[in-house]
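Here the protein sequences come in this chain order: A and B. Position 439 of the first sequence, counting from 1, maps to 438 under numbering that gives the first Met the number 0, and the rest follow consecutively. Position 243 of the second sequence, counting from 1, maps to 242 under numbering that gives the first Met the number 0, and the rest follow consecutively.
The reader is advised that the hints may include incorrect statements.
[As the list claims (entries may be wrong)] Far from chain A, by Cβ distances over 10 angstroms, these chain B residues were calculated: (1) Ala39; (2) Ser82; (3) Pro165; (4) Lys217; (5) Ala258; (6) Ala322; (7) Glu323; (8) Ala325; (9) Ile433.
[What the hints assert, rightly or not] Okay, the calculated bits of chain B under chain A, using three or more residues with CB under 8 angstroms as the criterion: (10) 30 to 37; (11) 83 to 96.
Keep in mind that the hints were calculated from the coordinates and are not lab data. Every residue gets a Cβ at the ideal spot worked out from N, C-alpha and C, and that includes glycine.
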Amino acid sequence: MAERKPIKGITIESTEKLIADTLAEMPEKAQKKRAPHLGANEPGASACAVKSNKKVVPGVMSQRGCAYAGAKGVVWGPIRDMIHVSHGPVGCGVYSWGTRRNLMQGIPGVTSFPMDFTSDFQERDIVYGGDLKLEKLLREADELFPLNKGMSVLSECPVGLIGDDINAVAKKMEKELDKLVVPCNCEGFRGVSQSLGHHISNDSIRDHIIGKFKFKEEAGPYDIALIGDYNIGGDVWAAKPILEEIGLNVKSVWTGDGEVEKIGATHSVKLNLIHCYRSMNYMCKVMEEKWNIPWLEYNFFGPTKIEESLRAIGELFDDKIRKNVEKVIKKYKPVMKEVTDEYKPRLEGKTAMLFVGGLRPRHTIGAYEDLGIQITGAGYEFAHQDDYDRTAPEMAKGTLIYDDVSEFELEKFVEELKPDLVGSGIKEKYVFQKAGIPFRQMHSWDYSGPYHGYEGFKIFARDIDMAINSPTWDLVKSPF
Amino acid sequence: MSAAEAAVKFVTETPPEEIERVKEWINSEEYKEKNFERTALVVNPAHACQPLGAQMVATGFEGALPFIHGSQGCASYFRSTFSRHYREPAAATCDAMTEDGAVFGGQNNLFEGLENAYALYKPKMIPIFTTCMPEVIGDDLNAYTKNAKAQGFIPEDLPTPYANTPSFNGSHIHGYDAMLRSILQTLTEGQKVEGKCTGKLNIIPGFDGNVGNLREYKRILDLMGIPYTMLADVSDVFDSGCDGEYKLYPGGTKMEDAAESINGKATISMQKYSTVTTMKWIESEYDGEKAILPLPFGVKKTDEMLMKLAELFDKPIPAELKAERARAVDAMTDAQQYLHGRKFAIAGDPDYLLGIVTFLLEMGARPWHILCSRSTKKFQKEMQALLDTSVFGEGCSIYINKDLWHMRSLLVTDPVDGIIGDTHAKWAARDAKIPLFRIGFPIIDRVNLHRTPVVGYNGAISMLSMLANKFLDIKDETCDDQWFEMMR
Ligand code: SF4
Ligand code: SF4
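Same shape as in the complex, but just chain A (with noise of 0.2 angstroms):
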């Protein structure tokens, strides 16, 4: 790939003079600890020299969350026919109760369970153990909702710390109730950001799903999984039909608008195509390893990557798929002129900043740039050293890199580089809008979407359009 063409105003000495004056307003230790997670992007370079997954800095204001929010938030929450039992006290589930728009088919309380499923514990839970309380509330669980395909129990922090044993427990009640009843380990203190509970969930579903299930009719040739799209927005419902149309066979989807049982009979498929890397890369070797199912990573966002994309998934079928990829291309290729002719004079040579969670800054580059936005900035929340390596690349030379950033971090980085858009975090949003910073939420897709394939395409241009172009940025300074 062609290294991108330098920006103005950014070199490797400038990004490393902005990181030196920002560091040197840290405490001595603190600066030590932070100063390996930020750098000035080599793209040439073997491996991206910026450190990443190591714990958070106490008291600089990390945006991270926890291995629970990535187990329920991320890989179990959006599974629509289990039930996800948040378990401990009351608040994580009330937190992660429906606040990351994985949408899901189904009639909720009856078929999908959209909802929050908590043992709310309280402190006798905590003096004499929540074992039994959990055993009790599986069993109303599976009565008061009789066609749910299976239950999962994530634990919060306090279960790990009491010594609770939710292994057995499941054990037990998935005897007792004849469906899936899978414990997953992702106390919050764990680990040191989402990422954890990732791959915790991803070894429960190792350990308790897969395998367990086969699909009724007979494997064909065409048989893929989506890996790691969690249908935020409908991501999913974008994605899909395009695999299909290309003459593939989607037979799961992990997880969003996911089926469990599926889920459990993906061992049979030809191919996994993994989007979320960073999320689900764990399952994809297991089932390379177990079952000699390769895998290849893809990017569905914007045509530039999406095109990219398809090719190469062409290449490992025969040419009944390659010629459907390219007619696909060549169908979608008007449809997306259009949408650059409109956006693109309105956006061409703006900046923009990213900082989300383990994939989507590298993998929306292409998005951007085909808007003619270019990118000065991006990192990770909770991503390692291989997200770190396919990032590098993408980035023109200079450019700043930045792990976990804290928000005073980011704040002078953004001062300093002055993007025309800062695409983050709820956390993040409105600190930037305050300072009259054009911004869009890029874990929830700001409560718009999808942002995946073709279709998703549309709405991303209109939706980084009317961020930046709003007529209501005009109106922050005040004329008097």
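We have chain A already, so just place chain B with the ligands on it with the hints.
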């Protein structure tokens, strides 16, 4: 075939008849009974955990940076919840305890966290509160904060009030209470001067997600000419303007004012249940008179507040407020026909529930199902007494420690005309096809409702308009052509 292979099950499809059956069953009387029998499972609770309430209080003092001792994830949840509700920044920092903290305690995290928070964000005060984790392992915050100062991580004179806010106890309103008492204890220490009276009123709004309410209190006090200090005043923090400059500390109760509050002329709390321990402590420590007032929803409770204020400060109620009252009553008599006899289901915090029920009874509406997902028998009694004051309270039921899935059962088996609650009630509302009126916390799916006051005479008019106009909209949108008409 091996045993393992044999154990592999086919992917199943639930038969449509079965889905139909369950769909109907969950709306049945039989299901309701089963639903009310559960004792372990909670589904869709209408309350949050203690530290969230603590963060609201901690945000309400000028230059204060809320500090969460415990897990990082909780901090992100609290901040996100506030930012979604107010559409405002919600700065708070956390010392991000992890597994080793669970083993060795969180003192080192606290040290480092305080040092960094102080250096980076230069707060005037760091109120500290806890998540479940340090509560379970029993961290000693008193000793830890003393040590942090002794060892120079933060200056000796930086106020660091702390509150234990275990989530496995009570709800967000209790965290509010604990943190407020702690902050006031810290800031007023040594400030009491015998015989000194600032002449001011201390007013505590309680856990109120409506910044419009806070502003309305202030407007009323200004009109009455009563000097005041609002304690834990989040109105400018959670409702700050957009002028091109982000301010980390855009307002809140001034430290000096909070310190002087102990020498005030009077202290009133607008919410009984979210300030229980604070008011008990104030009762014994503060100078001046104290009063716990009911949340002024509707005319009578607003009257009560104004008369109390007039009495405490020996001031007449100004003509302007009297005119406001008359306008509210005018609006209510004009529109009473749209609400009279209408049944409502309400979910919320105890003080809010008491307020809403008061207003509904005044309108001749019936607060048919009243549900509080975390409360006490005492509250139930007080609510019952309120219902007993009016014929419109007859036949109404109170449910404590029940959740929104219980509420759903009530709605489908014994329907009402409207539901009043926070955004979380929208699922039950949709299932039961009953309109939801968003009053409470959090409201994360509509704009600006947190800016529209629902207290005072003006608040009564807004609530009334919200309710009556929605009913009229529904009529216009759903009636057959021959019943569609110009006037309503
Ligand atoms: S872990 Fe405890 S304090 Fe944290 S959000 Fe959950 S209930 Fe609240
Ligand atoms: S796309 Fe980002 S936010 Fe979504 S699961 Fe992956 S890492 Fe998390």
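Structure-based check of each hint:
1. Ala39: violated, 4 angstroms
2. Ser82: Per Cβ check, Ser82(B) is inside 10 angstroms of chain A; nearest 5 angstroms; violated.
3. Pro165: Pro165(B) not clear of chain A: closest Cβ-Cβ about 8 angstroms, inside 10 angstroms.
4. Lys217: holds, 22 angstroms
5. Ala258: holds, 25 angstroms
6. Ala322: holds, 32 angstroms
7. Glu323: holds, 30 angstroms
8. Ala325: It holds; Ala325(B) is separated from chain A by about 37 angstroms at its closest Cβ, greater than 10 angstroms.
9. Ile433: holds, 15 angstroms
10. 30 to 37: holds (count 4)
11. 83 to 96: Three-residue rule met by the stretch 83 to 96 of chain B, so holds; n is 12.
The structure is inconsistent with the numbered hints 1, 2 and 3, although it conforms to all the rest.
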